[in-house]
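Protein chains in written order, with this note's numbering: chain A, 1 to 559; chain B, 1001 to 1120.
No lab work stands behind these hints: they were computed from the structure.
Any given hint could turn out to be false.
As the list claims (entries may be wrong) - Cut-off 27 angstroms, straight-line C-alpha distance, at most; resulting in silico cross-link-like pairs (DSSO-like, lysine-lysine):
no.: 1; chain 1: A; residue 1: LYS301; chain 2: B; residue 2: LYS1032
no.: 2; chain 1: A; residue 1: LYS415; chain 2: A; residue 2: LYS51
no.: 3; chain 1: A; residue 1: LYS301; chain 2: A; residue 2: LYS51
no.: 4; chain 1: A; residue 1: LYS297; chain 2: B; residue 2: LYS1032
no.: 5; chain 1: A; residue 1: LYS51; chain 2: A; residue 2: LYS297
What the hints assert, rightly or not - Here are some, though not all, of the chain A residues that point toward chain B, as calculated from beta-carbon distances under 8 angstroms:
no.: 6; residue: PHE84
no.: 7; residue: LEU99
no.: 8; residue: LEU245
no.: 9; residue: ARG300
no.: 10; residue: GLY493
Glycine is no exception: its CB is placed at the ideal position from the N, C-alpha and C atoms.
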Amino acid sequence: MNLLAHQTETGRTLTLVLFTLMVAATVMITLWARNHTRDATDFHSGGRGFKSWQNGFAIASDYMSAASFLGIAGIIALSGYDGFLYSIGFLVAWLVALLLVAESLRNSGRFTMADVLSFRMRQRPVRTAAAVSTLSVSVFYLLAQMVGAGALIALLLGIKEGDTFLGMDAAAAGNVGIVVVGLLMIVYVALGGMKGTTWVQIFQAVVLLGGAALLALLVLTEYGFNVSNLLGDAAEASGIDAGFLQPGQIYGVEVAGDPLQTMWNKLDLISLGLALVLGTAGLPHILIRFYTVPDAKTARKSINWGIGIIGSFYLLTLVLGFGAAAIVGARAITAQNAAGNTAAPQLAQVVGDDIGGSTVGAVMLAVIASAAFAAILSTVAGLVIASSSSLAHDLYNNVIRGGTATDREEVVVAKIAAIGVGVVSIVLAIFAQNLNVAFLVALAFAIAASANLPTLLLSLFWRRFNTAGAVAGIYGGLVAAIGLVVCSPVFSGSPDSLLGEGIDIAWFPLSNPGLASIPLGLLCAVVGTMLSPESEPGRFATLQVRALTGAGSERAAGH
Amino acid sequence: MATIPTREGPPPAVTDDDLAAMHDDPRFIELKRRLFRFVVPATIGFLAWYLLYVILSGYARGFMGAVLFGNVNVALVFGLLQFASTFGIAWAYSRHTARNVDPRATELHDEIHYGSEDAR
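Same shape as in the complex, but just chain A (with noise of 0.2 angstroms):
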């Protein structure tokens, strides 16, 4: 039963008028803020003038990406339970921004992450290495997104080998999908700056929880509100039982026979939570949303409106998971996609069948395909403003003029960097279309955790961090989580590898680096500081009275 293949033109037609639609408006949106922007805190942080619950969504739909709707709704439909992990550590990690380091970062910082880091640093040197691994995060979340989007885009339009619409086949879809995802985040940010790209995120955010909403309650009620007795058929139907409902179908397997690989996989599990617990505070895109507020007190509450909407969300993803494990069932899924992305889209299909024949199906497939359209657009958006600011605030106006680039030259720059970050990644993420690039989402977290939220942590809290110490840490971090990826089973030595069998320098035995590069980076940053002797207490205290009491901070735009 392969579902989607069976989908009918009219079917494909009411999925591409929907995705046109949102298109529309979100350009609407995005001409609109064009108009209302005129400086550099209008296009790095739009104004300022953000309320918390405008904020909060925009938090959420940066941070509810293809990989946390399709992927873990795939991963609970397929594997079950262990998919549900990835959720609470997504979302515990917002306790970490929450209690130490929004409102610091809001009072202390104008634009980017490196603002707070380069505080009471020598500028040049820190501003750079922040600029560095603010990229480098960037970047490898934009590929795997991209990557994802083009194959999901063919698969939404239910595009199959042998098959064509509106004269593509399958791979001509996946590139012409990276292709629309590209060149649309490159309009959001280069025509709209921060303020088009917040209140597209807000418009996006309310279209993928919609969907989610409406297809969980859906689900729900074909089982009378009855969790208990959907679980049981998701299990049953997955060939598993009871296992299929408690952790270590994929994540921490016990190998028979294999004490030592069973020891690694467990010890690869703490490491992938840590990295998602410790992550998310240090990733640059989540960061600068905080830039967007009036004040601290704002940020706060916009955190908490972001944790209200992310959990709700994470909730809903687990009843699509498993109601598709359930409903529609693992070899349906597989048959579609192996790694289960395109699970809540075939449930949303199945489930409107039921209701009301192949035109309900339809419909609600269409409007899944949106929301999932949605996901991908709204984070995508938000990584490519993350690094053009940074570009063009911390590399260009600050290390290479030293700080003495007009408001205009950085709005200029920062444009120019939108348009030559989204460019690249459309040209690598077609390169990189057929290798196996899901381990990208990881590695992100896994180098924001390393090497930037230490280094935020000590720059706001600890007296004699200094200069040496910023960059060790960063570098060391950065260095640490990427080596350590190149030297593990996801990049080589295996055949679902991305450099395949052949090749083979996998000598970590831990896909995820976290467990050893977190430790590193906080090691680097430390041994750095202690071996250089500058210190500056004055600058200590001037950041951290600005961080705890807000004088001296940036304000809301005046128009």
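We have chain A; now place chain B onto it with these hints.
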């Protein structure tokens, strides 16, 4: 920029030294104490609680698989409790800061920008 300070519009600019001068003020030390009194134990608590969950997921499969009722097992309830604790800590933090930290931060912010009360 030597205008008469007023609470309308953006506050008057301050220098880094104005800020640093507040660092050893007993009221600022009290502000930090009240903030860290919540943040430090809460952070240790939620990280330990989360790591306990991850470690049990890896090493206590029997316990996590124990059925509580119907098809609902310990793993599912433990996971949902992580959601509940996250919501709860976020709520408690906001309540704590609104009561114990924000008024003090505002007072010091205004004093740094506008001078002490009688200079207003």
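Tell me if ARG300 (chain A) is really an interface residue toward chain B, meaning its C-beta lies closer than 8 angstroms to one of theirs. holds, 6 angstroms
Does LYS1032 (chain B) sit within 27 angstroms of LYS297 (chain A), going by the straight-line distance between their CA atoms? Within the cut-off at roughly 16 angstroms; holds.
Return the status of the interface hint for LEU245 (chain A): holds when the least beta-carbon distance to chain B is below 8 angstroms, violated otherwise. holds, 6 angstroms
Are the Cα positions of LYS51 (chain A) and LYS297 (chain A) separated by 27 angstroms at most? holds, 11 angstroms
Under the criterion that the straight-line Cα-Cα distance not exceed 27 angstroms, is the pair LYS301 (chain A), LYS1032 (chain B) satisfied? Satisfied, since the Cα-Cα distance of roughly 20 angstroms is no more than 27 angstroms.
How about GLY493 (chain A): closest beta carbon in chain B under 8 angstroms, or not? Hint violated; GLY493 (chain A) Cβ to chain B Cβ min 23 angstroms, cut 8 angstroms.
So if I understand the rule, the pair passes when the alpha-carbon distance is 27 angstroms or less; does LYS415 (chain A) with LYS51 (chain A) pass? holds, 25 angstroms
Checking hints one by one. Is PHE84 (chain A) an interface residue toward chain B, by the C-beta closer than 8 angstroms rule? Constraint on PHE84 (chain A) satisfied, holds at 5 angstroms.
Proposed proximity, LYS51 (chain A) with LYS301 (chain A) (alpha carbon, max 27 angstroms): holds, 9 angstroms
When the nearest CB of chain B is found for LEU99 (chain A), is that gap smaller than 8 angstroms? holds, 5 angstroms
When each numbered hint is compared with the structure, a violation occurs for hint 10 only.
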